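The hints should help you fit chains B, C and D onto chain A, whose structure is shown.
Heads up: the protein sequence lines correspond to chains A, B, C and D, in order. Numbering that gives the first Met the number 0 puts the first residue of the first sequence at 0, with every later residue one more than the last. Numbering that gives the first Met the number 0 puts the first residue of the second sequence at 0, with every later residue one more than the last. Numbering that gives the first Met the number 0 puts the first residue of the third sequence at 0, with every later residue one more than the last. Numbering that gives the first Met the number 0 puts the first residue of the fourth sequence at 0, with every later residue one more than the last.
Fair warning: there could be bad hints in the mix.
Claimed, not checked - Calculated cross-link-like contacts (lysine-lysine; reagent style BS3-like; alpha-carbon spacing at most 27 angstroms):
#1 K148(B) x K280(D)
#2 K82(B) x K66(B)
#3 K276(B) x K308(B)
#4 K281(B) x K233(B)
#5 K233(B) x K261(B)
#6 K356(B) x K66(B)
#7 K66(B) x K308(B)
#8 K281(B) x K261(B)
#9 K82(B) x K280(D)
#10 K346(B) x K334(B)
#11 K55(B) x K280(D)
#12 K105(B) x K280(D)
As the list claims (entries may be wrong) - Covered, in the sense of this in silico footprint (three residues per stretch, anywhere, with C-beta under 8 angstroms from a C-beta of chain B), are these stretches of chain D:
#13 32–42
#14 139–149
What the hints assert, rightly or not - Computed beta-carbon distance windows for the label pairs:
#15 D179(A) x A124(C): 37 to 47 angstroms
#16 D189(A) x K82(B): 39 to 49 angstroms
#17 F107(D) x R233(C): 48 to 58 angstroms
#18 K82(B) x L23(D): 49 to 59 angstroms
#19 T209(B) x L23(D): 24 to 34 angstroms
#20 R172(A) x A136(D): 47 to 57 angstroms
Because the hints were derived from the structure by calculation, they are not lab data. Fair warning: this is a prediction, and the values are worked out from it, not measured in the lab. In this text, a Cβ means the ideal position worked out from N, Cα and C, and glycines have one as well.
Chain by chain, the residues run as shown.
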Amino acid sequence: MPSGGLLLQSVVLGLLLGGLYALLAAGLTLYFGIMRVVMIAHSAFLILAAYVAWWFNVRTGLDPLLSLAGTVPLFFVTGVAMQRLLLARLRPATLTMMSVLLTFAIALFIEGMLGYLFTGTQRRIQLAYSASSLDLFGARIAVVKLIAFGLAGAALLGLYLLLKHSRFGWALRATIQHRDAARLAGIDTDRVAGYGFGLGLATAAIGGTALALDATVYPSLHWHWIGPLMAIIVVGGLGSIPGAAIAAMVLGMAQSLLQIPLGTTWAQTVFYLALFATLALRPQGFFGGRLAQRF
Amino acid sequence: MHATARVKLGIAASAVAVALAVTGCTGDGGSEKPASDPIVIGISLPLTGDFAEPGKGVQRGYEAWAKIVNDQGGLLGRKIELKILDDQSNADRVVADYEQLIGRDKVDLVFGPFSTRLVVPAGRVAEEYGMLFVEPAGAAAQVFEQGFKNLFYAAPAVAGDHYNHLAKHILALPADRRPKTAAYAAMDDPFAQGTAYGLKAKLEAGGITTVVNEVYPPNTTDFGGIAAKIAASKADIVVGGSQYQDGVNLIVALQQLNYQPKLAAFSTAPTNPEFAKAIGNKTEGILAPTGYTNKAKYPSNLEFVEKYKAQFGTEPEEDEANAYTTGQVVAAAVKAVGCAEQGECQKKLVDWLRTNKVETVVGPLSWDAQGRPQGAHMIQQWAGGDIQIVLPEDVKEAGFIYPKPAW
Amino acid sequence: MTAPRNLETVELTKRFGGVTALDGASIAFHDGKINAIIGPNGSGKTTYFNCVTGMIRADSGQTTYRGHDITRRPPHAIAAAGIGRTFQLCRVFPRMSALDNVLVAARPGGVATRLRGARGRAEVARAREWLAHMGMDHLEGVEAGNLSWGQQKLLELAGVLMSEPETILLDEPAGGVNPALIDRIAALVRELNAAGKTFIIVEHNMDLVMNLCEHIVVLDRGRPIAAGPPSVIRSDERVLGAYLG
Amino acid sequence: MRSVSKARVWLGLPVLLAGVGLVLSFPSLAPNPYLLSVGIVVLNYAVLSTAWNFMGGFTGYISLGHGALAGLGAYGTALLITKAGMPSFAALFAATAIVALLAIPLGFAALRVRGASFVIVSIALVLILLLVFQSWASLTGGSSGLVVPRPFPQLLRPEHHRVFYYLFAGLLALALLCWWLIDRSRFGLGLKAVREDEDKAESLGTPTFAYKLVIFTVSAAFTALGGGLYALWFGDLDPVFQFSILSGAYMVLMALLGGVRNLFGPVLGALIVGIGLEYFKVEYGNTPLHLVASGLLLAVVVMFMPDGVIPSVSNVFGRFFQPTRASIREVSAEQLREEARR
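Bound-form chain A, shown alone:
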């Protein structure tokens, strides 16, 4: 039986990790909702943002969080451009499959370019507060992890408010619910889809910066993120943002707690087991709506 201290520590770590997962999965499921696109390059952009944060820190010596001012708008524009110039041009009949390949190609391209520019060496930001931590009822919370969590939480909250309480959010949700009906209601769905894509990519920028604070990055790291993220969005129900957030917290916590008896590696399999179980038992996901049924 693990000690109470270790248990508490794991719960704290799971919570912190789940927050980051939630933000990133929200972006991934957003693309799917809008366009039925499985955006394999999401995590590659995540790593790209992390690299930008690292590089910014190395070059300027300033806090990597400041790089957000550049990456968020940049990624937003990139997302809009990607949707309008590439994905929207694929044949609708084969969109799902071909978009997977196209975004996969983009992921390869980013990975290759990062490797070319920065080599395959693992990189880590060195901050004055890297090893600092706070005490919470005996559990230690690393300051960097707390900042990352706060960033993810704030971004997620912002996304939620935007979707629920803005006119754009209304249009976006209508587009996700029923594209044709949304068009009939006078929504320019192509435009909305483009902005939605940009929004998704902006979450990757924030997530990547948060990630860079306390983790090591290397070009091929994105493969280790895309798997859990895809599992999360399927478990949460493809296209459902609240579903993705809940699934992310549940699975992130499960991973952290399972590390105690199983070790890090086996604990990671929880994502994939949840994925297979979901598809075999409840293909529409556990929190999702009708969208997932036919995909």
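Same frame as chain A, but now just chains B, C and D:
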């Protein structure tokens, strides 16, 4: 419909053209060479990919060796020519590379690549072509369990023996000072894990209880969970079977949890020049094994360090030294046997190395029947912002600090 | 009304999110008739087709075909039971030849037949017959995607007929088709009906419906509001109300 | 129609024979064992991408995880030899059978719903198997990898290559034959209907789920055979390379590039990509630019020629030789027959 047939015809035609081009450009591979030709040495190294950094170090070591030998007139009166290919840290590639070097380019000798994972497949190619295979980097146990007859490891000790001096020292402590519990975290990599488990076996035999034993895959970046377990166990000593970045991450994660062991030993990472900066200079008391110090007084090492500095502007590290050692070992055999080409000669080189001792920059080396060197590594410790040799007693530069101060 | 029951649904309900597409639709059709389902846009006609053919799973309710429960059976099993259908916007296999489009629908036998060559003599002969019936025998080698809209409609119908259904569901057969072709399709339906096939047609073209069909069901907001022969429907006030909103 | 296929056979047969002759004589033409080993690698690619094309070509379901199935075949073969003591080739077939069986529950989870889930499962498969094979060190050797005993220990390396070259060529022939048989069967017609319009196919009575499951199993079996044979030839297995998304992606790239609807499309793709990779390595060896190049090539194929090189080229040829083809809608049966005779 006939368009399809035409296309197929076109495809077949281009396939023929490609095949002819591929076969045609390599018509003459096997002609005999006159004795004054250079000795061509084929090497495949990971210049890109996971092992790119150490791979480049090995490359510098080989180049330094070739330059030094050539400046002194070459080997057997023949110049040394290195033919280095990049295997992208990929086992498929490394095999194709040695295949190409031996089968197509007909190199005279081969040197080994970097990392245990690449040494085994590469060693098999050399073995099946009957080539002598001296390698600078395959220290893990299984390298020597493949039944290779032509393989020699050009370094003082295999992975499991790296910590021998440390184990002896710990177990010799008086019972009241001796640590009671130990935590181990090792990368799932034959070399890194080999070092940690070598120490683990010896400490367990000496009565020190293992309270945490974690293995993580090479691509792990989040060490929070592992660190939490180690910190919760309050183990007296922590041993990390690490490469570079994972060691840094694990130490930072442990420090985030404010875990203060009496002894902390990590392989590879602490000897890296960037290490102190990477963990924010909180290095106090960290231990690491090393097979090489550029301050060693062996005659060939003095020459190596001086000429290396002249060539590259920095002091050589362990990877460079191991590569240089590989060159020295092969050169000794070539000089003694008097030949360097494919065929019968290779067998003679192997036989000579099997029964002789070679003086190198890491000291005198000799091998058992499987190619294992018969030595142990020195132990270094960080103290006051500097890393110095503390074990064994006869070569130490500073005293061993135990228990270690807080980091 | 003495003909045996053909397709029948009891309290069929389907919701999409907050929208109720079918609201407890209980409808019965009878063998050997040409039936129609009409109703304003969004009244649930196509959803009804999708539910009874198994393409969409209804939330509740029951579907029977000639007395057998088919509610939860997969679409291919429903097809095998004898119900063929066309789609609202005509759907063909665009990158397969016209002949292959028809051959796909050949009733598969056991495992051995499935592994045999697709172009068995008997099947090809039958497929050509149906193509010829549509006046398309000269186009059998053309990829379906290259055919004109009307030709695609006919091809889709030929495919459905190849599968030897007893009951045929047509979703807007006259949609986007020129008048000459509408007449042809109507003649075809009458001819097949005379040969014993039952039809259920969703259609907006009221002239066609009133001329062709013997029994008409009017859907509004997911439930039937009227049923009967054209003469009755034409004068039903509820129907008029539904259309005028 | 009949005369058309006859004409195709008459034109195609000599080309086919020439191709077969070339493949068979390559070992005698290759001047050194290295080139022979390159030939084996290309043949292996051809086998794997043809195996992938059972699923991808017929049904249009794109799997990025076939690398994992090949890895399973490889590890299965190796483990059955080392742990169960089976003879090499018996182990190969047993491993293939095991992978085929395993494909059934996998396909069940992945194919119940449409495309997107299938892709996600296929990627997840690679990642989870990588974790398992890295972590379960007591069985698989973990990151240290696994050494596969040589099936012909008495052979020297060049002869060893020669034997395996013909084994791979035989396997490729078998895979192509199967693909061709399915292509012309009613089963194949049903699968193609799934690719074109799954709902429509099902409404016409095609049991699409069962069909997809069967072809996925067949595809998995051939992939496992390819992977297992590679393990016997290569001798060293490392989970990072056996369970790599990249290897699966290369299969997709090769098949797509050559043309997924053509029997020889994947083979052509393997030839181009295999030789291209080799060339790229020689020219730009010490950079990760091969990833960039693969990514760009994949993107270009997806955006501009999703049907691959063969249809694109034949379109150009078609336009060149028959400028009237654009008006095909009104071509009569006589004209079609006329064309075929030409």
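Could you check the structure against the hints above and give me the numbers of any it violates, in ascending order? 1, 16, 18 and 19
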